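Residue numbers (the numbering used here), protein chains in the order written: chain A, 1 to 370; chain X, 1001 to 1370; chain W, 2001 to 2370.
These aren't lab readings, by the way, just hints derived from the structure by calculation.
Check the hints yourself; a few may be wrong.
Stated by the list, open to error - Far from chain A by the CB rule (all over 12 Å, computed), these chain W residues: (1) A2019; (2) A2025; (3) F2057; (4) D2113; (5) I2161; (6) F2172; (7) R2185; (8) L2186; (9) V2217; (10) D2221; (11) N2225; (12) N2250; (13) S2277; (14) T2325.
Unchecked claim - Incomplete in silico selection of chain X near chain W, CB under 7 Å: (15) Y1080; (16) R1086; (17) T1088; (18) Q1089; (19) Y1105; (20) A1107; (21) H1121; (22) D1124.
None of these values were measured; they are calculated from a predicted model.
Ideal Cβ positions, reconstructed from N, Cα and C, are used throughout, including at glycine.
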Amino acid sequence: MPPFRKTVETFTAGAKTLAQRYFVAPEVFVEEQGRIFSKQWVLVGHQSQIKKAGDYFVIEVSGESLIVIRDSKFEIRAFYNVCRHRGTQLKEDGRGHASVIQCPYHAWTYALDGRLIGAPHMDDVPGFAKADYSLHAVNLGLWEGFIFVNLVPKRDGSLSIEDWFAPLAGKFSHWNMSILRPAKRLEYDVRANWKLMFENYSECYHCPGLHPQLQKVSPYDSAENDLREGPFLGGFMKINPGNSLTMSGNACAAFVGEIENLQQVFYYSIFPNMLLSLHPEYVMVHQLWPQSPERTLIVCDWLFHPDAFGRKDFKPEDAIEFWDTTNKQDWHVCELSQQGIASRAYEPGPYSSRESIPAAWDEYYLRIMK
Amino acid sequence: MPPFRKTVETFTAGAKTLAQRYFVAPEVFVEEQGRIFSKQWVLVGHQSQIKKAGDYFVIEVSGESLIVIRDSKFEIRAFYNVCRHRGTQLKEDGRGHASVIQCPYHAWTYALDGRLIGAPHMDDVPGFAKADYSLHAVNLGLWEGFIFVNLVPKRDGSLSIEDWFAPLAGKFSHWNMSILRPAKRLEYDVRANWKLMFENYSECYHCPGLHPQLQKVSPYDSAENDLREGPFLGGFMKINPGNSLTMSGNACAAFVGEIENLQQVFYYSIFPNMLLSLHPEYVMVHQLWPQSPERTLIVCDWLFHPDAFGRKDFKPEDAIEFWDTTNKQDWHVCELSQQGIASRAYEPGPYSSRESIPAAWDEYYLRIMK
Amino acid sequence: MPPFRKTVETFTAGAKTLAQRYFVAPEVFVEEQGRIFSKQWVLVGHQSQIKKAGDYFVIEVSGESLIVIRDSKFEIRAFYNVCRHRGTQLKEDGRGHASVIQCPYHAWTYALDGRLIGAPHMDDVPGFAKADYSLHAVNLGLWEGFIFVNLVPKRDGSLSIEDWFAPLAGKFSHWNMSILRPAKRLEYDVRANWKLMFENYSECYHCPGLHPQLQKVSPYDSAENDLREGPFLGGFMKINPGNSLTMSGNACAAFVGEIENLQQVFYYSIFPNMLLSLHPEYVMVHQLWPQSPERTLIVCDWLFHPDAFGRKDFKPEDAIEFWDTTNKQDWHVCELSQQGIASRAYEPGPYSSRESIPAAWDEYYLRIMK
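Given only the sequences and the hints, what does the whole structure look like? Please build it.
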């Protein structure tokens, strides 16, 4: 078998960055929303965000406001945030707790499972039946504790979430992701195309110049990728012995599970909107939400083991500050790329041997868009 | 004759809210501006705003800035706010007093009746005659003291304002509207389609949940409508004995006229941009100005009898605060409706028996748009 | 030979302002960017802004960010601000000094003459050669010390800057423009079409009403134009004896050269983006940068003789404040014109005998747009 580096070189030989239109054209953006964000399983959160029956949060997917809520049987459901009477948005942005879902306009009332259970003054409308006016449900699934939705209904033949994630079965069991709890969420409004952030996340060729503090604890040329094509891409990088990816360089919490090798951090991109960064003591998750060809909203969560929270050595800020700094460095250079790529002088440039994963991500993206 | 309720039910049986495109499509907005706001009589103010010769205000109608001014013969006129020389806007937004209309650029000067009376250095231009360069006038009319304009010139066969308002002749004479005087103006920038505010104004089905303070003094189910189809719609609701629609619940001023029944408040919508709310002691008037499919500017005036102003019992804030609170509750829920209606999950929903007037308003609107 | 006035009258007889579409239509704006700002020599600055090798500034021309830089052989060059690797913008807005041009993303490094001299990890990419990845250069030329660029490459047959400015050869030698130095730069964001500022600059018919302080020192009807058609237009106006165009009315610095007549100020418009105002003791230069049909960025520089800076009588603020006030008066009335011209009531109006130069400017513009 050939050594790892050779595989990579073979793959990227001749690969170039995407054409300009993929970063700036409104029609490509519309097509992406239709083919990708309205048809694929997209990450919307983690089950730990809505622990009790009636807990909910509101999220926008492909321009659609959705209510993600835990019903009275403890099942997590998603509904379009639209009253069946006059179309009013039921819940405003944010999160909360509710015993029923009641429209603020005319008090139409829905159970947590979406059934219409109250509609004043509708009894005397001929032919009206509450059963015809349940909330419109959205296809929802869980993977490793993370909540995903798919705007294609099951009945229209969308791939089940189990089939979609089958290639990753068991791969992340060490990290106990389904029981982790969030310590912090940060949001970023980035003036760059969402694909630039995927390409940025997928290589560390840029690390020596852009991330001096990361470079100190994790050598930029230590990447070893084990997922090299398809919708799930990535591998691990080395952490220097005794170090951690925190401001202090020390571990900031109890480990998330039975981690075999404390000198490794794993980075995976999960098409189309998840970046999954697995550290010995915490999991960082990015959600990417394209707003326009030139703007992306990024939501970043840090998750820890439930037992970590009560302990003396729990210092989540140490990791959060580290990555917040790194995130901002990345987003800024992505914004500069967006600016340059919009020029008439831009033409696709050559990927180096260190950029095999961005090249593979582009290749999968183009396959979906064909 | 059938009882009132039955009429209503017959009318609304099967009626549903408007299709999504009427609330979000830019091409519908353009068509509305062309067919409605550029062709119908639209409310722009009240004659009490410009009492003296030379008093003027500037207003935007269907994207056109107009000067509404009282000329030296005391007649109210409207002109496009455009100099005939190089097109410069003559008066900036707002109101004021002027003895002539002089362009700030090259000092071309117009009389209050629009005639060009000064144009420096134009005498040596061959063929130039001042008479050819009067300001472009706009068709203007008065109804009950309110000023209306119609962008269709009389010569192009627009309906006269007298013919347009003939169905309402004498109906409001008790309220002395032509002599009332404004005490206050509030403006609201609402992120919702203008039609949502008409539909909102036209029913009190939403009052129990949305307007607790209104509900205390005026029962939501007391509406009796006497105008039930066409461009003018509405009727009255009951006021609880001894109450008034004010924060304190007491009357806030001398009555506007010989009001027969102090236990009634009248609400009428005057197509396409006027909401007329007649209380025993004041008249509230809303102007609606669509800015885009998803945004409307609303101007709200409170008018009182001239004699009321000097009296000890004159407490206009008591009414203004009451309705400002109510207005904001309404605009907010209209904004939520706008959000929900934009969803792919929206479909026209069923009107209840309490929503006969919104249904009638929609029906008239659709007739005009056909 | 006919007297001057007669020539002017003949020229403008019957001339009218441009049609509405030239001021508001997005498609006209796009065509202007293509036919004019992407094909003609446009002013971007003065050589005194980048005195040393490695000095640079960033400027946007027709939507393109360019780096204008002095190379190690002291030659001034312009490059598209786009890395040849992944398209990243190399230099952010502003100005500075650099020994090489290094991309902030993956550290690709270019010499000041644009050659790629460093590209980490690219050696093992088959077929990669640095010589193929120089920065994309832009056609650049100097005239009287001012820096101009032309987005059409020389090889595509663009007119040389020498040929373009041949009609003005020697005309401005008295003013020593190539050795002047900037004392101040002001920027203005104007809500008006760029052509309105050219038309405004080209006549003083508006001066009595709009510029009372200018009117005091320079009679509005004293213009004598010597360039009356084509891309370069203008002439001089008189300055009252003993006066200067400053707040105090006194000269504010040593003269820029051997000025023959101190009672003259020269105003020239240089198509398509330069206004050149020559005073005995300073030169004021406006750059006009159209941003949309209805918005223009204006950059205004005041240049003085190098020897003036050290002297006791050097009071540049006296001139800057004078013209800043005048500029703002002009931009404001241009904004009012933009508003009025957008009305359906606008129609081209008649130019007076005092507006021969605006008429000539329009005529040249229309010739280029045909």
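> Which hints, by number, does the structure contradict?
Replying inline: none
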